[in-house]
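Trainee: Sequence:
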Amino acid sequence: MSKIGKQQIIVSEGVTVNVTSDVVKVSGPKGEKEFVLPSGITVSLIDGQLLVSPTNQNNPKGGELSGLTRALLANMVRGVVSGFEKKLELSGVGYRAQVQGQDLVLSLGFSHPVKFTPPAGITFSVGENVITVSGHDKELVGNTAATIRSVRPPEPYKGKGIKYVGERVRRKAGKAVKAVGTK
Numbered sequence: 074m075s076k077i078g079k080q081q082i083i084v085s086e087g088v089t090v091n092v093t094s095d096v097v098k099v100s101g102p103k104g105e106k107e108f109v110l111p112s113g114i115t116v117s118l119i120d121g122q123l124l125v126s127p128t129n130q131n132n133p134k135g136g137e138l139s140g141l142t143r144a145l146l147a148n149m150v151r152g153v154v155s156g157f158e159k160k161l162e163l164s165g166v167g168y169r170a171q172v173q174g175q176d177l178v179l180s181l182g183f184s185h186p187v188k189f190t191p192p193a194g195i196t197f198s199v200g201e202n203v204i205t206v207s208g209h210d211k212e213l214v215g216n217t218a219a220t221i222r223s224v225r226p227p228e229p230y231k232g233k234g235i236k237y238v239g240e241r242v243r244r245k246a247g248k249a250v251k252a253v254g255t256k
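Start counting at 1 in the sequence shown, then tack on 73, and there's your number in the working numbering.
Source of the hints: derived by calculation from the structure; they are not laboratory data. One should not assume that every hint holds.
[To be verified] Below are the DSS-like pairs computed for lysine-lysine, each with C-alpha atoms no more than 25 angstroms apart in a straight line:
#, residue 1, residue 2
1, Lys211, Lys231
2, Lys236, Lys188
3, Lys188, Lys160
4, Lys98, Lys188
[Unchecked claim] The calculated label-pair distances, taken between Cβ atoms and stated as ranges, are:
#, residue 1, residue 2, range
5, His185, Glu228, 17 to 25 angstroms
6, Thr128, Phe183, 49 to 57 angstroms
7, Ser198, Asn131, 47 to 55 angstroms
8, Gln171, Gly113, 45 to 53 angstroms
9, Leu145, Ala246, 41 to 49 angstroms
10, Pro102, Leu145, 18 to 26 angstroms
11, Asn202, Gly104, 27 to 35 angstroms
Keep in mind the model is a prediction, meaning the values are calculated, not measured. For each residue, glycine too, the CB sits at the ideal point set by N, CA and C.
Given these sequences and hints, build the entire structure.
Mentor: Take a look at the structure:
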């Protein structure tokens with residue numbers, strides 16, 4: 074069985090967990106999330122802790138699925154309490170972002186502004202060329218941030234574009250540097 078799958082998930086104060094035969098519902102102050110259990114996996118709630126286990130110990134897929142299920146449930150419990158966020162950084166002359174209502178409007182050097190409407194459960198905030206995508210669903214936050222980044226990914230020559238905060242862009246030397254070295 075998976076090492077991660079054996080670990081218990083501690084359910085914090087203010088979080089309610091409903092476990093039925095094939096569905097786990099988690100609700101808290103930030104939102105509510107539902108997860109359908111894969112076949113061969115059982116979840117039990119004992120003394121404020123969730124325990125994930127495979128129904129058949131001899132099935133090799135049971136250990137893998139128990140680790141995955143435990144990680145997804147732990148993210149759900151953490152998300153409804155504290156939430157998740159991804160930060161994106163704009164770098165480039167004239168690149169701007171602003172929030173209009175709930176929508177994110179980006180000026181990225183195109184002939185038109187790019188407008189993003191957030192999915193349910195996602196909020197945007199902007200400050201000092203940093204876009205913060207936050208919500209209670211980790212997968213949805215990551216996918217939304219990746220979609221925003223894909224509009225203008227950082228280019229390798231000048232580094233202009235949208236990148237994650239802390240992301241390192243590999244830079245390339247331009248033609249001028251290459252021409253100086255040859256004669």
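Trainee: It remains to establish, for every hint, whether it holds in the given structure.
Mentor: Results for each hint:
For the suggested pair Lys211 and Lys231, the alpha carbons sit about 31 angstroms apart, so the restraint of at most 25 angstroms is broken. A C-alpha spacing of about 18 angstroms is found between Lys236 and Lys188, which places the hinted pair at or below 25 angstroms, so the restraint holds. Note on Lys188 and Lys160: the hinted pairing holds, with a Cα-Cα distance of about 18 angstroms set against a maximum of 25 angstroms. A threshold of 25 angstroms between alpha carbons decides the hint, and for Lys98 with Lys188 the separation of about 33 angstroms lies outside it, so the pair is violated.
For the pair His185 and Glu228, the supplied restraint of 17 to 25 angstroms holds, since their beta-carbon distance comes to about 20 angstroms. Checked against the hint of 49 to 57 angstroms, the C-beta distance between Thr128 and Phe183 comes to roughly 53 angstroms, which is consistent with it. At about 50 angstroms, the beta-carbon gap between Ser198 and Asn131 stays in the expected band of 47 to 55 angstroms. At roughly 48 angstroms, the beta carbons of Gln171 and Gly113 sit within the given window of 45 to 53 angstroms.
Checking the proposed 41 to 49 angstroms range against Leu145 and Ala246 shows it holds: the Cβ atoms sit about 43 angstroms from each other. A hinted range of 18 to 26 angstroms holds for the C-beta pair Pro102 and Leu145, which are about 20 angstroms apart. Between Asn202 and Gly104 the Cβ separation comes to about 29 angstroms, which falls inside the hinted range of 27 to 35 angstroms.
The structure fails to meet hints 1 and 4 from the earlier list, while all remaining hints are met.
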